[in-house]
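Model the full structure from these sequences, guided by the hints.
In order, the protein sequences belong to chains A, B, C and D.
In terms of my numbering, the first sequence has 317 at position 147, counting the first letter as 1, and numbering is strictly consecutive.
In terms of my numbering, the second sequence has 289 at position 119, counting the first letter as 1, and numbering is strictly consecutive.
In terms of my numbering, the third sequence has 430 at position 260, counting the first letter as 1, and numbering is strictly consecutive.
In terms of my numbering, the fourth sequence has 341 at position 171, counting the first letter as 1, and numbering is strictly consecutive.
By construction, these hints were calculated from the structure, which means they are not laboratory data.
For clarity, every value in this text was computed on a predicted model and none was experimentally measured.
Hints are supplied without guarantee of correctness; some may be wrong.
[To be verified] Not close to chain D: a few residues of chain C, all C-beta gaps over 10 Å, as computed:
#1 F219
#2 S260
#3 E317
#4 R327
#5 L389
#6 R392
#7 C405
#8 G410
[To be verified] From the structure, some residues in chain C lie toward chain D, with a derived Cβ separation under 10 Å:
#9 F173
#10 E258
#11 L380
#12 L401
#13 D413
#14 P435
Ideal Cβ placement from N, Cα and C applies to all residues, glycine included.
There are 4 protein chains.
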Amino acid sequence: MEFTTLLEGIVARMRTAPDKGRVADYIPELASVDPDQFGIALALADGRFFAAGDADTAFSIQSVSKVFTLALALGRLGDGLWHRVGREPSGLPFNSILQLEHEKGIPRNPFINAGALVVTDAILAGHQPREVLGEILRFVRAAADDEHIHIDEAVARSETDHGHRNMALAYFLAAHGNFVNSPELTCGTYFHQCAIEMTVRQLAMAGRFLVGGPGKPNLISRDSVRRINALMLTCGHYDGSGDFAYRVGLPGKSGVGGGILVIAPGRASIAVWSPGLNQHGNSALGTLAVEHLARETGWSIFG
Amino acid sequence: MEFTTLLEGIVARMRTAPDKGRVADYIPELASVDPDQFGIALALADGRFFAAGDADTAFSIQSVSKVFTLALALGRLGDGLWHRVGREPSGLPFNSILQLEHEKGIPRNPFINAGALVVTDAILAGHQPREVLGEILRFVRAAADDEHIHIDEAVARSETDHGHRNMALAYFLAAHGNFVNSPELTCGTYFHQCAIEMTVRQLAMAGRFLVGGPGKPNLISRDSVRRINALMLTCGHYDGSGDFAYRVGLPGKSGVGGGILVIAPGRASIAVWSPGLNQHGNSALGTLAVEHLARETGWSIFG
Amino acid sequence: MEFTTLLEGIVARMRTAPDKGRVADYIPELASVDPDQFGIALALADGRFFAAGDADTAFSIQSVSKVFTLALALGRLGDGLWHRVGREPSGLPFNSILQLEHEKGIPRNPFINAGALVVTDAILAGHQPREVLGEILRFVRAAADDEHIHIDEAVARSETDHGHRNMALAYFLAAHGNFVNSPELTCGTYFHQCAIEMTVRQLAMAGRFLVGGPGKPNLISRDSVRRINALMLTCGHYDGSGDFAYRVGLPGKSGVGGGILVIAPGRASIAVWSPGLNQHGNSALGTLAVEHLARETGWSIFG
Amino acid sequence: MEFTTLLEGIVARMRTAPDKGRVADYIPELASVDPDQFGIALALADGRFFAAGDADTAFSIQSVSKVFTLALALGRLGDGLWHRVGREPSGLPFNSILQLEHEKGIPRNPFINAGALVVTDAILAGHQPREVLGEILRFVRAAADDEHIHIDEAVARSETDHGHRNMALAYFLAAHGNFVNSPELTCGTYFHQCAIEMTVRQLAMAGRFLVGGPGKPNLISRDSVRRINALMLTCGHYDGSGDFAYRVGLPGKSGVGGGILVIAPGRASIAVWSPGLNQHGNSALGTLAVEHLARETGWSIFG
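As structure tokens, then:
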């Protein structure tokens, strides 16, 4: 297969796609992003690398960061993490507080906001946010083999100013005794991790540790790789996870910045970015593009 | 790998497992099943076949039948089916009526009871239950290459007598205009499809059409194979689906009779049976056994 | 106070009211009712009686019948009834199935549909529907001192044909063991009790047993009078009960036929009817009219 | 009727009551209160006053304060308040966050915590907490005709330290745009208002403005009196409101400190206190005592 042609074809298709979705507008820094951008990158298990479109424009990775903090937390806490957060799809939007009330402060999974806050809270655990953010950045840089990845401070500040709902989730978790640090401290850390900026090139490189196989960054155990992929498949797109599994057939994690990291186990790490979101809060063109890529390559994990 | 040894080892392990779960007791026919039974069978993509334990004892496949009716419905209605039922995990028990009310009578997915009733209702669509049950049986027999598969009438009658909750779901769907036939007729058909009796040998054979690859029964398109596997992965174990994906890493569909059909795409169809259920209503030993099998074979779809 | 003038004034006001609501349309018999009708009647504790507007037109009392069956059930079962149904406002629409699932088949109160089905089921308790309907009619006729009150069979048949949601509730209650008779039998009885036809004259007369004081029909104990009035106040208008209490300040029970029975304890029984409904399913003009009446008479129970 | 004998009789009965409930233990200041205390006071509309038991021991009025802030807010904002908070019973515990999510940040009523936070936020509206707390105290002191009522600072501080759930509600309201001040500021004010200390003597005096009739403190309009009483009846005891209305038949507002203010419109203001709470968070003996009082006096508003 000629990957260059494939990616260029996808970029061309996306240019003329009828519905580019709506850019997230809850903070000015995201609302002002040009919606007509699209980039895609592919890091193959054999070491080859391909990219097309706006592959060198940095964007806010937002919830894609939850994959990296989960990897860190599993490495540090092991299965102990699962006392504080579940592994089931929630069937509800990313920021829902409903299930938390029914289930006594145990979030359904580590990829909804409440669960990701617990994961960050677990990593923070008495340390300074600065230290922990340094550790997260080191992990991402090592995964991507790129020292230039950093946090966009303006986005982080803006998240803090508009993060009332996440603060509500954090206080709710604290009220149920499922929080170690103060809501302000953990949310502050969380808002910064979400504000990490990356290009699709960097993100595809950073995803290689989840592809498995020889020569990949050996950051976590093979068991952890499988488990994170399983969680990405069942929970990575909130209440659009089942649809993504049905249409694409690969584990993925999206962010409201419009990025998606997709893993074809044993084959490739794929990053795609386009700022417009569909009704579930996942990149509209990004989803379409990886659906096309999966069909053309036959990389579905489902046969 | 020596599959005979592997399966015999699993059977031996399961004999001494500390917690065999609780046998379903909502109908006398299931409640009276001996809990100390365990069978496992493996139909490899290359045509080899292995079985161990109580592999020749027939059991009620119950919700595993939903896989076969979904395959039939997709073949007949194509994507039109998705106007009547969703593709998302529900995050709720198998027989919940909650989401139906919030979502105006569109069940979350075809594997919760409400969704399976819609699928059966769609296949029935004005035909006689007898005809449609004949069609379902022909499909299962063709898949298994076995003419001896039949319906246990005593179980079907007992389901009918105790099926108040499914009748409630059916009337609720009817109230929302998402039912073509009378609740009595569709539920009657559904109770019979759930009462199909099979051994793990027969079930493993019947699952081969979802394995893909050459030489398999070509009952549905490759796209449909992938999609059904995706739905089994995200929704096949109700509110235990995420946990099954995490621990086993393979698509599967369970039934309250204690059977589970598990697919290793491109590799094997696996059937396991043990009547005791865990808290999510899935076979306790069955889940444990396929978790062990997946770890030993490395067949996870997640890397 | 000159009640004739007051009622005529209310009738005149209602004629020019800007929003008459929407007539219930789930069965043809209700949908075809002329929305421009309005009647009001007042049976004072001292025996005087006043009426104005369309006071001699019979309408379907629908859920107002729940007051009479509750009175019958309390008389027969006493506090034992409260093992099967609660006494709390539900905060949800009249036909919701949500709380039933959370609360194991115990409806919140006897005035939501699920609760009223339990009440009718309790009265039925092995008897023939025909007998029990005779008993309900005898109670209503005795209360109203009027032998001409009867059931509209066409409405009852139509309810049966369109009663899927109530059938769903009944099967759900049966699934939780909170049903004595078959869902078909209890629902059949319930659909007939809802199809009782009355004029506002008859309904105001029939409500006198809840006014208390000397000379009223002595059908139930004073304790039961107080308790039924309390339930009407807190639960009589579904998720519009709080608003009715705030605006009118009197216990009342509405029906989708557009009738409302309102009690001013110690003072009067008030019946009002206008077929157009507001967003909570209660008569739009009826609510407005009794709000006006309560303000003019100062009959609020709240000071 | 001889009220002295009546109240003494109630005190004697309560001493031997088998179940005194459980003292609230979420803050140390409440947890350490002696559970064997019981006081009752009665301010009649004709000016007479009676008290018995521990009538001179001050307790934390907690949610009873919501009655006073609602009166203040209605006086200042009038019906505009109802754009920000509803008037329906919630059918859920006092601190539930569920309905907030379904209903876009509009709390069901002003007596659940979320609604009371909105009321306090509306009074605060840009002012300093100190000023507003002064205004609340002036209102309560004027109502009680007693300058000695004050805030227990130790309780207020402790509430602040343990108020995670209220902070969660406040941030959630802020996220929905239904908050004017910062969550910290409004919650701080709210925690102080809840920490007002009163005896049952003072509380019964302070409730007279809701009794109506000549010679009462004329702090709000008669319409507002009726409306606050209606809200107390339908929503004053959280998900135990229907039961209180059924058993007692009078408007009331409880607090987790064990106090209840009960209004017999036109007749009396009643205050009762005992620290042990029932399963709905309302004073166990307090509820029992007013049920007894209502039965003996025949003061039910329901006939």
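Numbered hints the structure breaks, given as an ascending list:
2, 6, 7, 8 and 9
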